[in-house]
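Undergrad: Here is what each chain is made of, one letter per residue.
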Amino acid sequence: MIYLDNNATTRIAPEVLDAMQPFLTEHYGNPSSAHSLGRAMKAGVEQARDQVASLLGASDSSEIVFTSCGSESDNWAIGGFLEQNPNKRHIITTRVEHEAVRNLCEHLGEIGNEITWLEVDGNGELNLDDLRHALRRDTGIVSVMLANNETGVLFPIKEIGEIVRGNSDAVFHVDGVQAVGKIPINLKELDVDLFALSGHKLHAPQGIGALYIRKGLKLPPFIIGGAQERGWRGGTPAVPNIVGLGAACELAGKSEGHDEVRRLRDRLEDRILSGIPNSLLNGSADRSKRLPNTSNISFQYVEGENILMLLDEAGICVSTGSACHSANHQASPTLRAMNVPYTAAQGAIRFSLGRFNTEAEIDQTLAVLPGIISRLVEMSPYEKELRALGARG
Amino acid sequence: MELISSHFQKPQNVGDISSGGYVGTAGSLVCGAVVRVSLRIDGTQRILDARFKAAGCSCLVATASFLTEEIKGELTGEVGALAQPPASTVRQALGQIPTDKVHCVSLFCEALLSAITAYSDSMRDEWHGEEALICSCFCVSERTIEDAIRAGGLRTIAEVTKACNAGGGCRSCYSLIEDMLASAS
Chain A
1 MIYLDNNATT RIAPEVLDAM QPFLTEHYGN PSSAHSLGRA MKAGVEQARD QVASLLGASD
61 SSEIVFTSCG SESDNWAIGG FLEQNPNKRH IITTRVEHEA VRNLCEHLGE IGNEITWLEV
121 DGNGELNLDD LRHALRRDTG IVSVMLANNE TGVLFPIKEI GEIVRGNSDA VFHVDGVQAV
181 GKIPINLKEL DVDLFALSGH KLHAPQGIGA LYIRKGLKLP PFIIGGAQER GWRGGTPAVP
241 NIVGLGAACE LAGKSEGHDE VRRLRDRLED RILSGIPNSL LNGSADRSKR LPNTSNISFQ
301 YVEGENILML LDEAGICVST GSACHSANHQ ASPTLRAMNV PYTAAQGAIR FSLGRFNTEA
361 EIDQTLAVLP GIISRLVEMS PYEKELRALG ARG
Chain B
1 MELISSHFQK PQNVGDISSG GYVGTAGSLV CGAVVRVSLR IDGTQRILDA RFKAAGCSCL
61 VATASFLTEE IKGELTGEVG ALAQPPASTV RQALGQIPTD KVHCVSLFCE ALLSAITAYS
121 DSMRDEWHGE EALICSCFCV SERTIEDAIR AGGLRTIAEV TKACNAGGGC RSCYSLIEDM
181 LASAS
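Protein sequences appear in the order of chains A and B.
Position 304 of the first sequence, counted from 1, bears residue number 304 in my numbering, the numbering being contiguous throughout.
Position 62 of the second sequence, counted from 1, bears residue number 62 in my numbering, the numbering being contiguous throughout.
Because the hints were derived from the structure by calculation, they are not lab data.
Warning: the hint list may mix true and false statements.
Derived DSS-like pairs: lysine-lysine, alpha-carbon spacing no greater than 30 Å straight-line [what the hints assert, rightly or not]:
# : chain 1 : residue 1 : chain 2 : residue 2
1 : A       : 188       : A       : 218
2 : A       : 384       : B       : 72
3 : A       : 188       : A       : 158
4 : A       : 254       : A       : 188
5 : A       : 188       : A       : 88
6 : B       : 10        : A       : 384
Since the structure is predicted, the reported quantities are computational estimates derived from the model, not experimental observations.
All chains, please: the whole structure from these sequences, using the hints.
TA: Take a look at the structure:
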């Protein structure tokens, strides 16, 4: 199995599993208990909190609160802030956010808030003047992702934070789910108030996330209950998962592996774009503006779902930009916001690499893919367009 | 789903009829799929060959592959009747299709009907007969239908369509055929 879908989820790293194992077996206490078993659990949680804080460059580990997933962190940050500040009814976000932010903001718009949606250009990038113009006295929160899950395009959150801080009283929330573990982050250098992350995107298990809450920021509890997570999120914490997230953050903070992922992604991307005539890169061609592991490539005039199925048959896992369901089959909102033509968005494939991929796997993918594409090109009714691209004789 | 999967893995009849084919195209603004079907039809309204090209999901490709194979040797009227919405017989033949994929089957049927309509339109242009034309989609005259009913002892519209194509297209002649069936019995 060649797994090139690491933006969807990642395999649990052996180091992570090793760290979790004792907390699934001999350490079975409740971290709130005062006895030794409980204290061991508590120590595991607090070590993990330090590990997460360290990867993010938070100034204090008390700024990290564990949640169940990235979507929970996003919902809590945005929804919680609005609940706390009922006189702030204006939210600024982007057209290309993950559903956890996009659908939440759509919902918040329907129940009486006002949403400004920042547009992106053909490269998937923002115009920061749009943000400057959008900020108002009643803007409560600005929510912008750090890295786009589909294209890997990075938003300049340092600049965005400065603009928000310099021109408004709004708080700045960053959905960092797709970026953590893939690029260095130092929250100490950023004007970021809230920052969401998810464990399973960086080789921790599914079911664990975290929210960074800048010291001093007031947020209502997400779950009202006991004193866990200092009263912010009641309920017994998922200690094994928390320990796993901590270990994953520690692993991601080590330098090895990152350069290799980038090298393999570049190799894959370069060879597809130069070797397959109807291929087209989605997102900025300037790789410094994209995640080092992601390539979103359209195979124009053929159907992405077909490519996915045939690659799957060949043992290679990727994602499409869209899924075919009668009611809502549409190209991804991200690609639509970038004005990618329909016939290209339809054939978009996301390749997202991870630390376990090898050069042999990339070369195997490069060996299989051209045959799949030419088979679909043969079947496509867009003969004239494909001929113009040199994709058929 | 096995039928769908095997036809998607090895699609049959990909291509076009090189010349003299009747072509129908359908596209969906909802899912962005496009499919084109071309048919070779002989003088007795029988489909000799069927080909398709598609840029759409695997279910669309499989439907196109399966149906182009199935309709070879069939009369245009019968195939037209099968492809009419909601195309229940076709859907049954394909096996379990998830409800969110039914539109893919409909899209191919739409292209197929469009090809058959192209054929019947061309036949109608050539129609110079003196007899009353009952089924204008397939140029079937009143006398042809009466003869078919008498010769075959036909009792239903479906039997008439099978025998002579009448009623296989837009269905606007159903009441006329019903009248003819009633007066024959």
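Undergrad: None of the hints should be skipped; say for each whether it holds.
TA: We went through each hint and held it up to the structure:
1. A:188 x A:218: OK: residue 188 of chain A and residue 218 of chain A at ~19 Å, within 30 Å.
2. A:384 x B:72: 28 Å, holds
3. A:188 x A:158: Holds - the C-alpha atoms of residue 158 of chain A and residue 188 of chain A are around 11 Å apart, at most 30 Å.
4. A:254 x A:188: 19 Å, holds
5. A:188 x A:88: Judged against 30 Å, a Cα distance of about 26 Å means the pair holds.
6. B:10 x A:384: 24 Å, holds
Going down the numbered hints, you'll see the structure goes against none, and every one checks out.
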